[in-house]
Each structure stands twice: as structure tokens, then as C-alpha cells.
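Chain by chain, the residues:
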Amino acid sequence: MPIYIALIELKRYLRDPAALAFSLALPVALLALMLGAFGGDPSFRGEASIVDLDDSAESSQLIRMIDDEPGMKVELLDEAKADRLLDGSSRLLVTVIHRGYGQSLAGGDSKARIEFRQRGSGGDEGRITASIIRSAAAKQAGEAIALREVRSAASGVGLEVGEEEIRQAVRDAAARESEMPIVSVRVEDSGDAAPGFNTFFPGILTMMVMFAVTVSASAIVEERQDGRLERLLTTRLGATGIFLGKFLAGLSRGFLQAFLLATLGWAVFRSFTPLDYGQILLVCVFLAACAASVGMTLAAITRTRDQANWSAVVATMVMATIGGSFFEPAGGGALDAIGRLSPVRYANDALKGILSGNSNLGDLGLEIGVLAVVSLVLLVVSRRLFSALQKGAV
Amino acid sequence: MADKWMVEAVDVHHAYGDVAAVDGVTFSIARGEVYGLLGPNGAGKTTLIRILNTVLQPDGGDVFIGGRSVREDPAGVRAQIGVCPQNLSIYEDLTGMENLVFFGRLSGLSGPDARDAASEFLGLVGLSDRGKDRAGAYSGGMKRRLNLAISLVARPELVLLDEPTAGVDPQSRNHIFETVEALNEQGMTVIYTTHYMEEADRLCDRIMIMDLGKVIREGTPHDLKEPLGDPAEVTLEDVFLSLTGRNLRE
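Just so you know, the protein sequences line up as chains A and B, in that order. Anchor point for the first sequence: position 371 equals 371 in our numbering, and the numbering is continuous, going up by one each time. Anchor point for the second sequence: position 171 equals 1171 in our numbering, and the numbering is continuous, going up by one each time.
Check the hints yourself; a few may be wrong.
What the hints assert, rightly or not - Restricting the straight-line Cα-Cα distance to at most 20 Å, the calculated cross-link-like pairs of lysine to aspartate or glutamate (EDC-like) are: (1) A:K11 x B:D1133; (2) B:K1004 x B:E1033; (3) B:K1132 x A:E9.
None of these hints come from the bench; they were simulated from the model.
All chains should be built: construct the whole structure from the sequences, respecting the hints.
As C-alpha cells, then:
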């Protein structure tokens, strides 16, 4: 009979367009956010802000080389504007090619100068951009050295070779090296998923399951305020049956949300195997049971919808925060120790273990055991609290 | 004990703190009787009803329903009773049919039996053609009739009707009367609380008038009226006011 209560609650939920739209839209919206954050082209895209004080053929060549780098775009600035942007905008790095750059490069006097002006550390994008510019400048310097060496060698053996011929020979050699490099670098992807997905997905999933706290917390209050609790208590179901039924309803709602998000996550990111998917859902069942029993405890002690809703929000946020849903507490710290009091912590640990490929169900005995025991104990406590606090105030 | 009497209440007490809500109440209701429970606000009727329907445990005394004690065997008591609370207790987002099937299942009926009973009782309360509509779309009178039908769907031996006609139009009220009379003819025992004296006069075989937690008079409507004059001329309201006074209650 308790299952019948859970089924009728699910039917009522499916008939409530607002509740349904919200609970379906939330996993989709979260997934879209994750897709935006982790699912795009992973290659670097950056903009190099360059001040060309030299304005020589060599500085122009360097700028072209930078612009030709994959993902790079060059913005030419005058010095005053560059300094202004560096002081008062999101621009963290400006590259200045100083006067005499071209002449020094051609002469090989080691005085060719490029300067990086940066705010703070220059940011991640700035550091990568600086590295690309260094690499382009080194390549250009290598060509200049090769040109000088060829010219010197030809002159040394009394060979009459035109300047343009020498330049063409060096350019051809550089092109050949580019096509068939002496040192080749290969990148091998070990999987489809962006690492960020695996980092954030457990927290988002556990938060989704924790909605069961709110659903369950208002279960008894709603029946009481709508005048149905007394009638339910006088059926053969009794108080224990009502509690079990409402607990199952909360568990189902929490799990349904998790199921939607996990299924969408799997379908879009392909970040875990079908076996992992099954294990993730199993962890979600236990966490949903835990969340529903927390909610039933609040349901037993609250008297109004506001009390139920707010206490559920506070309980959810505290458990999720100390449980590591939003950020990972530093190992060995106070928050790490306190986090052990939250069932969410055990679910997050289990999910992270599964997603990292380091754990399977056999290794998750502690986590699943804790979730199961907490669910059972809180369910018994909530039932007893309900009897103790009821005092005829149905 | 269980043969003649459907309900036997023996020296029932219940207090909220220092306030005695039910104070030594003793009464019996025979099987097949319609028993009226009258009293001004604060008389202890609701507390007594909650003890009868097992939501409250009495502080003292006991009540036996069909021979089962509300103290010792509340589940056994619940299996014999149907409760129509004073407040509407229906799911407005379910249809009338679904409400009846749901409560029928919770009262122990199988799926097919619950559906059959739901159809029958929808007809009995005049809602057959609206059974597939959501209860939230019903008028106040229709909701009251659905509220009554839910209490009957498992065919209990005893039904507790707590002001079942509060706030309904004369047509719905009359339909509820006819439903109660029809069920009583089939042998169902009814406990009926109301503030409408003419309802009690029309429906009840016997009436108990309570005040301040105590039974102050019990008998047939005729017996209650007789001390005040010709029972054909005296109304139950006259009796009620003479016993409970004319002072306003909380």
C-alpha cells in the first residue's frame, strides 16, 4: 500500500505542468551549461595585442607568423592605447616590438627586442599567447641565422650567389622542415570527455538528487494543511504506511531527476561506460533514499509549508556545501572532516570514484553502506518524531 | 459485546494540558443506528471523533468498535470504519474516480474491487457523469458529496460523518441526507455530528448532546423534546439551547 501512495504522488507530479516543466528543464539547462563549459572545441583561441614600434619588414613578418598560428588573432595597437587598455580593461598582456628589431635581426647583433607588458601574471590566455609569440620569434631568428650562415659560407668559398636566391633557398628549407619536421609531436586523446565534466558532474548530480529533501519535507505538511492527513491516518495504512509511502515518493522524485541528468550526460558527453552509468544510478538511488529520509524528518517536525520549505533548503545547502558538491575541500582540513557528517560527501566520493575509473561497486561498500544506514535511521527517527510531536494537532 | 453494539465507549477521558476536552464520556451505539453527536463549539465532539477514528489515544477509558479496542487494536478498528472529516479531504488534482479508487485501495480493496466500488459510490452521490473530471473543477456541493463517497467506498461497518453538509446548497444537502438514509437501510452504522438541528432531527435514531467534555443528555429526538412540551411542537434547537445555554461560545 505505501507503494500506492508513491504512485499516486508521481501521478500528481506528472500532472502539475509547472513542477514537471521545472524538473525537466533543470537537468536540460544544467547539461547545456556543462556542454558550453566542457563540450566545445578544446583548442586554444587567443588574441595577441601587438604594438609595432619598428614597422620593418622583419616585424611585419613576425606579426604575420603570429597571425598564421592556429587559433591566434592579432590586434595592432599604438603604444598609448595599448598602455591604456592594459591599465583599464580585461587585456592582461601586450607585446611590444621595439625599434631596431628588424635591423638587429638582419645584423645578428643579439639586440632585437620584444617586450611583454602584462598586468599581474598575464592570465592563462596571456601566458599561452606569450609562449606562441616567443616560439614565432625564435623561428624567425632561426631563419635569420640560417640566412646569415649561408651568405657567409657562400662568401667564404668565393661563390657569387644573389641575395634573393639565398633567401629563397632558406625559405624552401624552412618550408620543407615545416612539412616534414625533424622532431614531430603527436597528441593522443585518451577519451572523449573533457576532464572538467568529470570534475563537476558528481556535484551537479548530487544537488539534483537533493531536491528530494524539499519534496519530502513538504509531504506531510501539505496533507495536513489540505485536510487529508486525518483521513489518511484513518485508513488501514496508518502513520507508518503514510511515512513509507511519502518516503518512496520523495525517493522516486529525486531519482527521476538524477536519472534524467545522468542519461542526458551519458548521451551527450559519452563520458562513462554503460556499466558506470548503472553504478552511477545505483548511487543516486541510495542518495535519493537518504535525501527523502532527511526530508521526512523535517516533515515530522515542521508545521507549515514555509517551515518545511526553508528548513529543507537550509539542510540541502549545508549538506551539499560541506559534502563537496560545489567545491572540493582541502584534504585533512576542518571542512574535510566536517564533510564526513554529510551523506552527500559519500555520494560525491562514490561518483568521483566511478567516473575516474578508480572504483567499481565492490569498492564502494563504505559509501553505499553509509547512505543506506543514514536513510534507515532517519526514517525510523522521523516516524517516531511524528508520533511524539503530533499530540492530536492533525 | 460485539453482537448488538457497534460502539461502546467506557469512561473516556482526554485532556489538552489542564483542559479536559472529553471528561468521562460513556455511551453505546447499536449496529444499524444513526447516532447524532451534538454540542456547541468546544464541547469535545471533535476530540471524541478523533478518539473513535484512532487518530488520538484516550488518556483514560476505552472505546470498543466492533469489539476491538481503539487502544489495543487501532488497526483493527480502522479496518471497520470510514471517516468523513469536517474539512474537505480530497485530492483536487485527481479525478473524482481516482480519489475514490485511491482511498479504496488504502482501505484494503483490490484494484478491480476499488474501481467497482468507486463507480457505485460515484453514482450514489450523483457524480457518475463527472467522475473523470478533476475534483478541483467541482462545485462546493459536489466536493462535499465526493468527500462523503470516499468515506463509504470501502463499505465500512461504521461511518463517522463530521458535519458533512457544512456550506452546501439545499440540493446537495438533501442528496447527502438521502445517501445516509440509503446506507443506513443497508445496515451501516452512522455517527453524525452537525450544527444543523433539523438534520439531526431528520436523520438520527438517537442523539447525544455534549458540553464541556461531558454528556449532558442522550436519547431519541422524541425523548429529548418531551420534557419541554409537545414533541410535535418543540424543536431540537429548543432542547439544545435549553441544555447548553444561550451564551456565545468561542
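Against the structure, the hints come out as follows:
1. A:K11 x B:D1133: 15 Å, holds
2. B:K1004 x B:E1033: 11 Å, holds
3. B:K1132 x A:E9: 18 Å, holds
The structure shown violates none of the earlier numbered hints.
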